[in-house]
Structure formats: structure tokens, C-alpha cells
Amino acid sequence: MQKRLILGPQLLDLTINRLCQQLIENHGDFSDSVILGLQPKGIYLAENIQKRLESYVGQSVPLGYIDPTFHRDDFRRRDVPVTPNATKVPFLVEDKKVVLIDDVLFTGRTVRAAMDAMIAFGRPRKVELLTLINRKYSRDIPVEPNYIGKNVNTIENQRILVELVEQGFKKNTIWLINKEEN
Amino acid sequence: MQELSQKHLLGIKDLTADDIHLIFETADSFKEVINRPIKKVPSLRDITIANVFFENSTRTKLSFELAEKRLSADIINFSSSNSSVKKGETLLDTVNNILAMKVDMVVMRHASPGAPHFLSKHIDANIVNAGDGTHEHPTQALLDTFSIREKLGDVQGKKVLIVGDILHSRVALSNIFALQKLGAEVKVCGPKTLLPKYIETLGVQVELDLKKALNWCDVANVLRIQLERQQIKYFPSLREYSLFYGVNKALLDGLDKEIVVMHPGPINRGVELNSDVADSDHAIILDQVENGVAIRMAVLYLLAGKGAG
Chain B
1 MQKRLILGPQ
11 LLDLTINRLC
21 QQLIENHGDF
31 SDSVILGLQP
41 KGIYLAENIQ
51 KRLESYVGQS
61 VPLGYIDPTF
71 HRDDFRRRDV
81 PVTPNATKVP
91 FLVEDKKVVL
101 IDDVLFTGRT
111 VRAAMDAMIA
121 FGRPRKVELL
131 TLINRKYSRD
141 IPVEPNYIGK
151 NVNTIENQRI
161 LVELVEQGFK
171 KNTIWLINKE
181 EN
Chain C
1001 MQELSQKHLL
1011 GIKDLTADDI
1021 HLIFETADSF
1031 KEVINRPIKK
1041 VPSLRDITIA
1051 NVFFENSTRT
1061 KLSFELAEKR
1071 LSADIINFSS
1081 SNSSVKKGET
1091 LLDTVNNILA
1101 MKVDMVVMRH
1111 ASPGAPHFLS
1121 KHIDANIVNA
1131 GDGTHEHPTQ
1141 ALLDTFSIRE
1151 KLGDVQGKKV
1161 LIVGDILHSR
1171 VALSNIFALQ
1181 KLGAEVKVCG
1191 PKTLLPKYIE
1201 TLGVQVELDL
1211 KKALNWCDVA
1221 NVLRIQLERQ
1231 QIKYFPSLRE
1241 YSLFYGVNKA
1251 LLDGLDKEIV
1261 VMHPGPINRG
1271 VELNSDVADS
1281 DHAIILDQVE
1291 NGVAIRMAVL
1301 YLLAGKGAG
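Residue numbers (the working numbering), protein chains in the order written: chain B, 1 to 182; chain C, 1001 to 1309.
Everything labelled a hint here was simulated from the structure, so no lab data went into it. Given the structure is predicted, the values throughout are model-derived calculations rather than measurements. All residues carry an ideal CB built from backbone N, CA and C; glycine is no exception. Just to be clear, a hint being listed does not mean it is correct.
Unchecked claim - Simulated pairs of lysine-lysine, DSS-like, Cα-Cα distance not exceeding 25 angstroms:
{"hint": "1", "chain 1": "C", "residue 1": "K1102", "chain 2": "B", "residue 2": "K41"}
{"hint": "2", "chain 1": "B", "residue 1": "K41", "chain 2": "C", "residue 2": "K1013"}
{"hint": "3", "chain 1": "C", "residue 1": "K1061", "chain 2": "B", "residue 2": "K126"}
{"hint": "4", "chain 1": "B", "residue 1": "K97", "chain 2": "C", "residue 2": "K1181"}
{"hint": "5", "chain 1": "C", "residue 1": "K1039", "chain 2": "B", "residue 2": "K88"}
What the hints assert, rightly or not - Label-pair restraints from in silico Cβ distances:
{"hint": "6", "chain 1": "B", "residue 1": "F169", "chain 2": "C", "residue 2": "D1074", "range": "54 to 62 angstroms"}
{"hint": "7", "chain 1": "B", "residue 1": "K88", "chain 2": "C", "residue 2": "E1258", "range": "37 to 45 angstroms"}
{"hint": "8", "chain 1": "C", "residue 1": "A1017", "chain 2": "B", "residue 2": "N178", "range": "33 to 41 angstroms"}
{"hint": "9", "chain 1": "C", "residue 1": "T1016", "chain 2": "B", "residue 2": "Q59", "range": "23 to 31 angstroms"}
{"hint": "10", "chain 1": "C", "residue 1": "R1036", "chain 2": "B", "residue 2": "L161", "range": "31 to 39 angstroms"}
{"hint": "11", "chain 1": "C", "residue 1": "T1016", "chain 2": "B", "residue 2": "L161", "range": "27 to 35 angstroms"}
{"hint": "12", "chain 1": "C", "residue 1": "S1112", "chain 2": "B", "residue 2": "F169", "range": "51 to 59 angstroms"}
{"hint": "13", "chain 1": "C", "residue 1": "D1287", "chain 2": "B", "residue 2": "L92", "range": "20 to 28 angstroms"}
As the list claims (entries may be wrong) - Some chain C residues judged to face chain B by a derived CB distance under 10 angstroms, without partners named:
{"hint": "14", "residue": "E1032"}
{"hint": "15", "residue": "R1224"}
{"hint": "16", "residue": "A1304"}
Only chain B is shown next, with the shape it has when bound in the complex (with noise of 0.2 angstroms):
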């Protein structure tokens, strides 16, 4: 199995405040706006912004958890079932600007039922999605994200593999791994 490291701890720390700046600029105080974690993996990025952009715009800035398990369209297509994960919303999301928030972006297939799940919180004004990372040319539906950390070319034995500190990790990186062919 083969492991290129996409982003380090530096790059990837400017990487996450551009991505803050950049929401700063289009939500400003957050008074109006929220963010919302995809589960599993978006949520601990989602913990890492919020932290960020509690600090630069002084104020509190909600998060919640989604969870788009029972909403995937693949359900009795797999071998097994997703194990579901807990979805935390403790606000309605009626007329605000919602954030997407999740760590890699690849079919968008989890995206569109994230969007499913979410409606059952409100009819939010706004929809906005946030990736860390960007797989090129590997969409199956028509999502695209409006702030992106790192477009990545990618094929499809490859997997992206992002290690946050907020999941445990000494320290924060994305690596780019080889799937080994079977």
C-alpha cells in the first residue's frame, strides 16, 4: 500500500484558516448562519472550524451533527449496512445559511443525503458546502462545493485518508493512498 502525504501539519493549518476566512467573508458574524458536520469524519473538521471562527468572530457559532445514513441511496445495494451515527441538530435550521461541512468530497452521494436529512431540521435560505478535499472527476451527481481546501486528482483505486488531531491523531495531515489491487 502506497501513502503520499497531500497536506503536512503547516499547510494544512493555513489551508483550514483560508477556508475560515472565506466563510468569514460570506457569513460574517455568524448570527445568521450555522455549520453542520457531515458525520462520521466531517464532524471532527466541522469541531475544528467552529473552534476558529468562535475565535475570530467572538461569538458563539452553532454546530450541529448529521448524520446521512438512513437517508443513502445505496441501502440494500451494499453488502452491509452503514452503521448509523448519532445526528445532533440543536437548532432548526429554518431560514438561516447553512454550512455543509465534510472532509472529502468524491461521488456526493453522501452530500445529497445529507441535504435529505438536514430538511428535517427547516427549509434553510441558503445551502453552502465546504470540503477539505476535492476529488476531481470522480462526481456521480451534480453537488459541487462552494469553498474547497485542495483539489485532488484521484482514480479510483485511490483513497483519500485524513488524520485531524480532533480524531485522535498527534498531529493533522491527509495522505493519498494506493488501493492494493486485488
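The hints should help you fit chain C onto chain B, whose structure is shown.
Chain C in isolation, oriented as in the chain B frame:
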């Protein structure tokens, strides 16, 4: 990613502890779903479920129906009282006719123990046992143990007492299996005539004195006296039963500790459980009902994920 070891839910006896934990974890997520403003997810939108009830039921049937609707499944309901069963159709014929209409899952209640097991050998659809005679009622035991876990944090190491009509109770048997698989200690209490003769072989203790038994336990699951299943008299009168085995506030106040009181419903108020307990903070009876929907959603979701065939 985990999956159930079984294709059907026929009884708790067939499940592993891992299966039960998986059902609990999935039910945690569904409990959050049913407390949302919009209480529905589209997971089972391509599934059709038949609720086949050969025996009366209010709670279980409603609970299953609600769980199915919350998962967006299509459902058909069947009850034997207004069907061709009255005209002499066999169980297998009835169910095969329902399945010919392309049904993916069958939720069945039947008065004969083993009826769902029989069915599982003959048809492809996933089967959920919603109670078979005096044998098992697996979803009830799952929601009971789930409620204990919710109230006390864990089932492992807890002392659970089952009071009342153990002999005729499918809830008791399923509960004993579930509690033991999860590492709880189980004791049963009731008049000797209502305790099965060889109950100790299941590894449960027997106590005839209700007060002593209540002092021992963390949780008391009080069962209904199933008069409809009793062809002979097992005790002299309901009044006498209530005096010896009815759980009331005075009895609970006299204990050294606070215990949790459960009841699978429907309650015979004033017989096995007094209103001053049933409506008190000790009782988690309505939590059990709420958890029932979440547990049934989890079971249906996980079985549907296994697929038929």
C-alpha cells in the same frame, strides 16, 4: 460496519450479545429521529411489510405500524378476525398469498408457539416474531432491556426481577434470555402455580416472597395476569393475588432502596400493579412504549439490510 447474525427475528434465543448491542446502538439513532420535528426517514422506501396478526394486539401492532411508517415502508395489515382464516385457510397458504403480492418482510403474531419458526422454513421474506403464544416476544424483551440500559446506564450486572404470571408469559421468557445475554442477574417471583416447573434450569433464581424479592432487585418488571390463557384457576381470586403479589406504593416505600418499575402493558390496575406505582416516578412504562418504536425501527432496518433469500 456490523450486521445481525440472523435473517429473521424469531426469538432472543437465536441472537448473540453483539446482535443485541447492535440493535441498541441503531435504536439510539432512531430514538433521536422520532424526537425530531419531522419524524420520518426514507430508509425502507422500497420495502413492503405485512403485519400479520392472528391474535389481538393494540400496543405491539401500533408500535410496529408506526415504526414501519417512520421508516417509509409500504405496509399492509392483516388480522385473522376478518379474513379467510375463518374459512379454513392454513397459515402457510395465507402467508404465501400475502407474499405473492411481493412483500419483503412479515411481522407476525400467532397463538401457536413456533409459528414464525415454521414459516421461516418455508418462505423467503424476513420474519419478525411479534409474539408466538407463550413462547417468545423478542421485540418486547429488546425494548425492556433497552429501557433498563437507558435508565441505569447499563444492563450488565443489574439485578432484574420478573414478577407475576411467568408460566403464560412470552415476555418473561424473552426477557430472561435477553437479560442473561447482556450479563444481568434474573430472579422470578410469583405464586408457585404460575412459575414453570423447571424454570431454574434457565439459570434464574426463584423467590416466592415479593417483599424479599423487591429488596433484592434494581428493576422489577411486573407482568400481567394473562386470564385469557388460563383455562384452569391458578389462584383463588384476583383479590388474593393482588394482596400477595400486587406491587403498590406502600410496598415500595418499605424498601431499603429505590427501584425501577416496568410493565409491558396492558396493565390490570389494582391487580398486579397499583395506580399509585404505575403513575409514579418509579415507573418507566411510557418510556418503554416510546422505546418500543425505536427498537422496532432498528430491528426492521437491520433485517432489511440483510435482505431476503
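Taking the hints in turn, this is what the structure says about them:
Taking the CA atoms of C:K1102 and B:K41, the gap is near 38 angstroms; set against the 25 angstroms cutoff, the hint is violated. Restraint check for B:K41 and C:K1013: not satisfied, since their Cα atoms lie roughly 36 angstroms apart, outside the 25 angstroms limit. Between C:K1061 and B:K126, the direct Cα distance comes to roughly 41 angstroms. Violation of the 25 angstroms bound is thereby established for this hinted pair. Between B:K97 and C:K1181, the direct Cα distance comes to roughly 48 angstroms. Violation of the 25 angstroms bound is thereby established for this hinted pair.
About 14 angstroms separates the Cα atoms of C:K1039 and B:K88, which keeps this hinted pair within 25 angstroms; it holds. Between B:F169 and C:D1074 the Cβ separation comes to about 45 angstroms, which falls outside the hinted range of 54 to 62 angstroms. For B:K88 and C:E1258, the hinted distance range of 37 to 45 angstroms is not satisfied, since their beta carbons lie about 30 angstroms from each other. A beta carbon spacing of about 38 angstroms between C:A1017 and B:N178 agrees with the range 33 to 41 angstroms that was offered as a hint.
Between C:T1016 and B:Q59, the C-beta spacing of about 49 angstroms breaks the proposed range 23 to 31 angstroms. Take C:R1036 and B:L161: their Cβ atoms lie about 33 angstroms apart, and the range 31 to 39 angstroms holds. For the pair C:T1016 and B:L161, the beta carbons lie near 32 angstroms from each other, so the given range of 27 to 35 angstroms is met. Separated by about 57 angstroms at the C-beta atoms, C:S1112 and B:F169 satisfy the suggested range of 51 to 59 angstroms.
For the pair C:D1287 and B:L92, the beta carbons lie near 26 angstroms from each other, so the given range of 20 to 28 angstroms is met. Because the beta carbon of C:E1032 sits about 6 angstroms from the nearest beta carbon in chain B, less than 10 angstroms, this interface hint is met. At about 34 angstroms, the closest approach between the beta carbon of C:R1224 and any beta carbon in chain B exceeds 10 angstroms, and the interface hint on this residue is violated. Interface hint status for C:A1304: upheld, as the beta-carbon distance to the closest one in chain B is roughly 6 angstroms, under 10 angstroms.
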